[in-house]
Structures are given as structure tokens and as C-alpha cells.
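> Sequence:
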Amino acid sequence: MNFRTLLGYLVPHRHALLLIVLILMAESALTLTQPWLAGQLTASVLEPEASPFSMQQVLAIWIGVMLVRSLVGFAAAWYVGSVGMQMGAQLRTRLFQHLQVLPLGYLQDGRAGDHLAVLTNDSRIIASFVTNTLVSLLPLTLTFAGAVALMALLDPLIASMVLVLLPFYFVVIKLVGRRIRPLSRALVDAYSGLIAFIEENLGMLPAVKAFAREGEERERFEARNSELYSLSRKTLLAESIMGPAVTLIAGLGLIGLMWLAGSRVSGGALAPAEMVQLLLYAFMMVEPIRRLAAVWGKVQYTRGAAERIIDFLDTAPEPQDAGLPALPPVSGAITFENLHFCYGESEDERGAEAMGKAVLSGLNLAIAAGETVALTGENGSGKSTLVSLLMRFADPQQGRVLLDDTDLREVTLSSLRSQIGLVPQHTLLLHGSVAENIAYGRPAADEASIRRAAQRAHAAAFIEAMPEGYNTVIGDQGLKLSGGQRQRLALARALLIDPPILVFDEATAMFDPAGEQSFIDECRELLKDKTVLLITHRPASLALADRVLVLTSGRLAPALRDKASTGT
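In the working numbering, the protein residues as written are 59 to 626.
It should be emphasised that the hints constitute simulated quantities derived from the structure, not laboratory data. Here the structure is a predicted model, which is why all the values come from computation and not from measurement. Misleading hints may appear alongside valid ones.
[To be verified] With a straight-line cut-off of 25 Å between C-alpha atoms, the simulated SDA-like cross-links for lysine to any residue are:
| hint | residue 1 | residue 2 |
| --- | --- | --- |
| 1 | Lys-586 | Ala-519 |
| 2 | Lys-588 | Phe-451 |
| 3 | Lys-232 | Met-219 |
| 4 | Lys-586 | Glu-564 |
| 5 | Lys-588 | Asp-462 |
Whenever a hint applies, use it, and build me the whole structure from the sequences.
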């Protein structure tokens, strides 16, 4: 992806763009009438007999022009601003849509704060640049070009002197801009780093307080904040130099033009009224030149955000499934066939895998429909990787995963995942009500269905004991609940969609022994007609399984154990 592609997300529809151009052209044209009216007013006062207008007529016309210009200015500010906001909203939507389809591995490798900064700060910078800077280039350019053209009609010599001075302006802009460009990316990265640190710190606050790390965390924040402050000052210094330097050169050039215009009036080559128009046109060009210099600085600053957004959008999404058929309802038979898998750029199993290390090596496993199979083994043996492959959070480098003899890569992701209920070790909950969390996988579910799912998960008792029952807000990530209560909500969420396959990934890790036994006893009835894959280290949980398999070094151990051999 390049900058042209990025602009494709920002440029409005042709009709909106055409209307913006027409409004801005009208605004520039009305602005350019001001020096002409000043010249007519001068002529009506100094040479009334030769002027086509009286002073009163010129003033009346001028008032009319000012009124029309105010209306056009309002239309330009409102419409251009509205279109710019729409473009910013569309960019944020595009970025969020891309975030949703990125592989979990990419999101786990990076920091949540970095992704948050792309969607918030970086998109804001781009939208602000388009709204406040890019769209202003056209009227500035039109005003400058129109002023030069009208000066050329009055006096070609003076107009040519303006063009001679232009290269000096661009040299100053180029020299200062060369300093701004590297600072801009560093500034955007520093801001992103600060956001990422704050996001991480908020999630770690219980640990910060438990280990009395407030002082160290404050020092870490101050270091990042100081870096951002320092880069901001350096960028501000460069931008502050650019505007006054260009204005100084423009002012010196204007004085030279005034001297030349005065000399030509004295020699009779230029009328006083024409000199007034020329000088006002020259004054009018100073502001576009100054603002164009500021635009250059903004361009450099925006490049840093644009590069980060382009890198983000360049990240390959999950496998595209457009055109693939939906997976029909399955009975729940699962086959892992000759699976080979390694992580090329990330680590899994909570940091146990070395980069590029093989996690699965030719693994074969068939699970019958309605069977409950437990997988146990050391950390890093590949247990959670099997879950990722079943859910297609990743694909094997070799081998296949089949559901009812259908290769998962031959069906849509949504139809696959809708038939698997995942109850993870780390339950992810919304900052919302109990009902909203249970219904997350099926938002249209009615209250009776939500209550029935809670009852099946044996969560109804503690939910109904809460102050507002199913309407109780549980806090960020369910902080108001115990670990066991969060697990039961996760189970209710999975049961609400009533999938033929259930996956429990260390689902009892948050329970004490008594709670785990109670959970296991309650689950027996739930699992009767479903295919269940248990990922567990807990011996008590193995009692639920029809088969217990041991994974070691990415392979199934030679000996398979059943309930009888476990002594349960």
C-alpha cells in the first residue's frame, strides 16, 4: 500500500469534491476582488472624472461583496468541515474493520496500546490534516495564482519579480522541513508508546499496588512523557522557525516591490490606483506563502501517522473466505490429520515456544461425535495450539483439520466458529450487564433464552443474588465477579449458541478444589450430546473425559489412557 491508496480512503465522492472545489474557487474569487475595489476607491477619490464609479458606488459594491463572501465563507467552513469529518469517520471505520480480521497472532505480538493509537491518534492526525490542511491548499493556491495573474495584467515587470522570489521561499521550506520529517515519525511513535504504557498500566494496577510499584511506574511514565515532551518541543521549534522565516523573506520582497512600484509611479509608468492594487495583491500573497510553509510542516508530521496506518493496513488479514460455502450443521466429529505447525514470528503457549520452533510434528487424532477427550501435557506441548487450529485462529503448515470430513479451509470462518463454543482460561467480558455478556455470541437472544443458558451453566443462583440481577453491570473484564463466576458466565455464553462442539481451555483454573468438583458434576449432564475437547492440567477435570491423551513435544504419547487407567 502507498500514500495514493491511503488517499483513496479519504477523498470524498466526485459530487462532494466538485462542490468543494466550486465553493473554494468562489471564495478565492471574492477575496481577489478586494484589491481591485481598493484601486477603484482610490481612483474615485484621486481622479473622480476618470473613474467609472463614484466613491459611494464603490463602497456599496464592496459591502455587497463582503456579505456574499461571508455567506460563501460559512458554506465553505461548514461543508468542507462536514466532508472532512465524514472522511475521518470512514477512515476509522476502515481501520476498525481491518482490526477485526487480523490474525490473533499479530494482535498478540503487538501491544494493545499501539493498535489503540493507530485507531485514535493516528487516524485523528490524518483526518485533521485532510480537513484543516489539505482542503485549504486549493483556495491558497487559487488566491496566490490569481493575485500573480492580476498583477501581471497591471504590471508584468512587478509580477515577474514576485516569481523570481519564489525559489527563496521554497529553499527555506525545504531546509527546515528536512529537520521536521524525522522528528514527525519519532513524535508519533513516542505518543503511541505512551498510550501503550498507560493501557498496560491500567491492566496491571492490582499488581502495581500489590507489589508497591507505584514509584517505579511513575518514573517509567515520566521517562516516556519527557521523551514525548522533548520531541514535541523540537518539532514546535522547527515549525516555529519556518513560518516567521518565510514571512520575513516575503516582507523583504514586499518592500522591494513597494520601492519598484513607487519608482514606476514617479516615472509615470503606473497610475496611483494601479499601485494600490499591486501592493494589496502583493500583501495578499504573503498569507498564502506563510500558510503554505505551515502546510509543509503539517505534511511532514502527518507522514509519520500515515506510515503507521499504511503498515497497519498492509498487515495480512485472516484467510479470505469470500466465495466459500458455509459449513453445514455438523455432528461434531473432529479429525487432526498429520499436523505440522510452528510459529514463525510469534510465541505461543504463554511464552514457552521459541521462535520458529516446531509445536506440532505429524500429529494425528480422531475424535468421534459426542465424545469427550481430554488433552494434558507440559506447557508448550501444543495443547492450546490444537484449539487455535480447530478455531482457525491459525492454519497448519502441513496437514488438515476436518469436521465431519470437511476441511476447515474450505468453509467460511463465521460458519465454522458458530458451531464451536469456547470456554477459555482467561475469560473475556464486556464492561456491561450480565445479560449483555451472556448474549455476546447471540445478541438477538430473548430474556428467556439468556436465563435458560445461565441455569444450564449453574450461574443463575449468583446472578439473581446480585443487586440488579441480569442487569447488573460487572465492570471492566468482570472485575466485580470472582474467577469462578466469570467462568460460569463464559460457559453460559457458549451454551446460549448451543454448539455441537465445546472446547474447555483450562476452564477450571480459577476454581478451588471444591468448586472444581461442583463444576465437573454440573457439567456431566451438559456434555452428554456434545463433542468436548478438554485442555487441562487438573487431575479432577480428567474425570469428565472418555479418553485422556498426553501431548509431548508436539506428538501424542504412545500410551493413551482412559477413565479406568486414571483411577477415576
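> Which of the numbered hints are not met once you compare them with the structure shown?
none
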